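Chains as they are written, first to last, in my numbering: chain A, 54 to 174; chain B, 54 to 174; chain C, 8 to 126; chain D, 8 to 126; chain E, 4 to 100; chain F, 4 to 100.
Keep in mind that the hints were calculated from the coordinates and are not lab data. Keep in mind it's a predicted model, so treat the numbers as computed, not measured. Errors might be hidden in some of the hints.
Unchecked claim - The list that follows gives simulated cross-link-like pairs (lysine-lysine, BS3-like), each with its CA atoms no further than 27 Å apart: (1) F:K23 - E:K49; (2) A:K163 - E:K26; (3) E:K56 - E:K23; (4) A:K136 - F:K49; (5) A:K105 - F:K50; (6) D:K89 - C:K89; (7) F:K95 - F:K23.
The residues making up each chain are set out below.
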Amino acid sequence: MSDISKIMIMMRKAPYGTIYSFEGLESVLIMGAYEQDITIIFVDDGVYSIKKGMDTSAAGIKDFSPTFRVLEMYDIEKLYVDKESMEARGLTADDLIVGAEVVDTETITKLMEEQDVVLPF
Amino acid sequence: MSDISKIMIMMRKAPYGTIYSFEGLESVLIMGAYEQDITIIFVDDGVYSIKKGMDTSAAGIKDFSPTFRVLEMYDIEKLYVDKESMEARGLTADDLIVGAEVVDTETITKLMEEQDVVLPF
Amino acid sequence: MKFGVMVQEGPYQHESSDSAYQFVKAAMEKGHEIVGVFFYHDGVINSTKLTDPQQDDRNIVKRWSEIGEKGVDLVVCIAAAKRRGINDDVLAPGFRISGLGQLTEMAINADRFVTFGAS
Amino acid sequence: MKFGVMVQEGPYQHESSDSAYQFVKAAMEKGHEIVGVFFYHDGVINSTKLTDPQQDDRNIVKRWSEIGEKGVDLVVCIAAAKRRGINDDVLAPGFRISGLGQLTEMAINADRFVTFGAS
Amino acid sequence: MLHLVNRSPYVSTSLDSCVKFAKKGSPILLIEDAVYGAMAGTALEKKMESIMKDFTVYALKEDLLARGVTNVIAGIKEVDYTGFVELIEEHKPTTWT
Amino acid sequence: MLHLVNRSPYVSTSLDSCVKFAKKGSPILLIEDAVYGAMAGTALEKKMESIMKDFTVYALKEDLLARGVTNVIAGIKEVDYTGFVELIEEHKPTTWT
Numbered sequence: 054m055s056d057i058s059k060i061m062i063m064m065r066k067a068p069y070g071t072i073y074s075f076e077g078l079e080s081v082l083i084m085g086a087y088e089q090d091i092t093i094i095f096v097d098d099g100v101y102s103i104k105k106g107m108d109t110s111a112a113g114i115k116d117f118s119p120t121f122r123v124l125e126m127y128d129i130e131k132l133y134v135d136k137e138s139m140e141a142r143g144l145t146a147d148d149l150i151v152g153a154e155v156v157d158t159e160t161i162t163k164l165m166e167e168q169d170v171v172l173p174f
Numbered sequence: 054m055s056d057i058s059k060i061m062i063m064m065r066k067a068p069y070g071t072i073y074s075f076e077g078l079e080s081v082l083i084m085g086a087y088e089q090d091i092t093i094i095f096v097d098d099g100v101y102s103i104k105k106g107m108d109t110s111a112a113g114i115k116d117f118s119p120t121f122r123v124l125e126m127y128d129i130e131k132l133y134v135d136k137e138s139m140e141a142r143g144l145t146a147d148d149l150i151v152g153a154e155v156v157d158t159e160t161i162t163k164l165m166e167e168q169d170v171v172l173p174f
Numbered sequence: 008m009k010f011g012v013m014v015q016e017g018p019y020q021h022e023s024s025d026s027a028y029q030f031v032k033a034a035m036e037k038g039h040e041i042v043g044v045f046f047y048h049d050g051v052i053n054s055t056k057l058t059d060p061q062q063d064d065r066n067i068v069k070r071w072s073e074i075g076e077k078g079v080d081l082v083v084c085i086a087a088a089k090r091r092g093i094n095d096d097v098l099a100p101g102f103r104i105s106g107l108g109q110l111t112e113m114a115i116n117a118d119r120f121v122t123f124g125a126s
Numbered sequence: 008m009k010f011g012v013m014v015q016e017g018p019y020q021h022e023s024s025d026s027a028y029q030f031v032k033a034a035m036e037k038g039h040e041i042v043g044v045f046f047y048h049d050g051v052i053n054s055t056k057l058t059d060p061q062q063d064d065r066n067i068v069k070r071w072s073e074i075g076e077k078g079v080d081l082v083v084c085i086a087a088a089k090r091r092g093i094n095d096d097v098l099a100p101g102f103r104i105s106g107l108g109q110l111t112e113m114a115i116n117a118d119r120f121v122t123f124g125a126s
Numbered sequence: 004m005l006h007l008v009n010r011s012p013y014v015s016t017s018l019d020s021c022v023k024f025a026k027k028g029s030p031i032l033l034i035e036d037a038v039y040g041a042m043a044g045t046a047l048e049k050k051m052e053s054i055m056k057d058f059t060v061y062a063l064k065e066d067l068l069a070r071g072v073t074n075v076i077a078g079i080k081e082v083d084y085t086g087f088v089e090l091i092e093e094h095k096p097t098t099w100t
Numbered sequence: 004m005l006h007l008v009n010r011s012p013y014v015s016t017s018l019d020s021c022v023k024f025a026k027k028g029s030p031i032l033l034i035e036d037a038v039y040g041a042m043a044g045t046a047l048e049k050k051m052e053s054i055m056k057d058f059t060v061y062a063l064k065e066d067l068l069a070r071g072v073t074n075v076i077a078g079i080k081e082v083d084y085t086g087f088v089e090l091i092e093e094h095k096p097t098t099w100t
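Chain A extracted, bound-state conformation (with noise of 0.2 Å):
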């Protein structure tokens, strides 16, 4: 394959709860070796994986949240958060670990239009 692909990793899930979120991640990071146009997107309950401030010490869970930070040294860029999944759940941009573009629903429409493959974490 000469042609770069462009996946998009969707994070629909909260962190805790289900493992998904945190699974997902980790594929993200080996997909970064692999050159490819990557794009991650959080949208629903997703936005709760970058959230702040989570302190899993007592409830006993290994806390995964820092590893969204790497995401830019693996040349993970293209992070983006839907406007309103995060508002109906009352945060903003500065709730977030990570630095990720907030962006409407018809941008991420448009968006998943592009990916060669869309995978849903």
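Got chain A; can you put chains B, C, D, E and F on it based on the hints?
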């Protein structure tokens, strides 16, 4: 334990998409042998578990709905179904494979409060 | 009081097993008797000794085994286990595989029966 | 066309694995090439040969092994497998355990990539 | 893009998310418990008909049969697994779980 | 009876079912992803406040901390696992998953 326990099995999940109602049913069949006071209640998507006309052959899944019909042989006769859950799903008592009593929400609330144990599936 | 517990989900994928463990631990610390923990549905996957999580993560199976070593009956449903590839060959210490009658007996013998599940 | 598939749930508890199997079978019957099936999250539990379902039920693991025998690459994610007690000792025929790079390569090489999951 | 939805619309908001983000005119395929949304005469029928104004809605025949859903809302297209494969041939897919 | 709810109210209708069937005045304990429903300043705050008129709502502290939910709606009581055990001592439980 000399007393008889009042145990309610609350079926809330649709069949086939998940296994909860089927494995919940398996537990009921065993409970029948213990001569306890068993109540089975179908609410929310659980009402689909006793819907007539299922044919899982094309989907390649085991059809477990006939097993609900044998509950009577196990002396489990307290079967209730939530009226609102049925109506929202366009079902009437005629659509059910077992003779469950159709009751309103208040009755279910009252039944729940009378139980020693409520097991959700 | 006598507490019984049911775990309906496997480890890691859902938090249910974590919650059940924390609850059982807190109940024991308060002096309650745990008449048993019944692992049903995917909950049976909590019982395999082959589990090998990352070093910096909790070991959910080992935590349950420790509860078992304290005398708590950890019962794995045989019907659910067979569907999911759990048998005596892979069973972690402290667990035993048995039938659904055990769930019924726990429900009868417990003053309080708590279910941890998902969907 | 080249199809890639991801299975995110274990057998029996959710229908996802059944749906993925039926889809793969239909795609192969229509002459499509399956570049691989990636078993992720609880999906890794589809790969244990210890699974022993009731006689009158389908054997989900065996069905996948049959797909593997037809030359389809059945890849079990190692990170997810370790968390859930799946290793080479219990691996059913036709499956192999490998890294997340395989998911990426399937996503790159497939014309269509289909995910079967739940929540 | 083809949108796969597999959770019951009575207990999950997945279909709502799908409809929110999917491009108008796209096909939506209901599979597994989502096919309950295709049943006529329910509290969700009006909502489904509203969705059908913006999207082409399909329901997987094998899953409809398994659940005994025979009275499908007029306009929802039934496809079997072969039809599912054909939809994938025509469209790149994503899944709303 | 104590009602345990563990799914996010943004994606699941479990809390709605719980509220429908629970006896008025009963305690509801939000655990796991359900604690997101306890957060102030969200689209669900009004709904939660309406639920609090009929029920005593608790949220599990360990799960709130894990998710960084610090701004809890006034009137929702935070309990840790010891408090969870105490609620079970007082009430027979059921769970809405």
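Note to self: If you test the structure against every hint from before, which numbers come out violated?
What the structure shows: none
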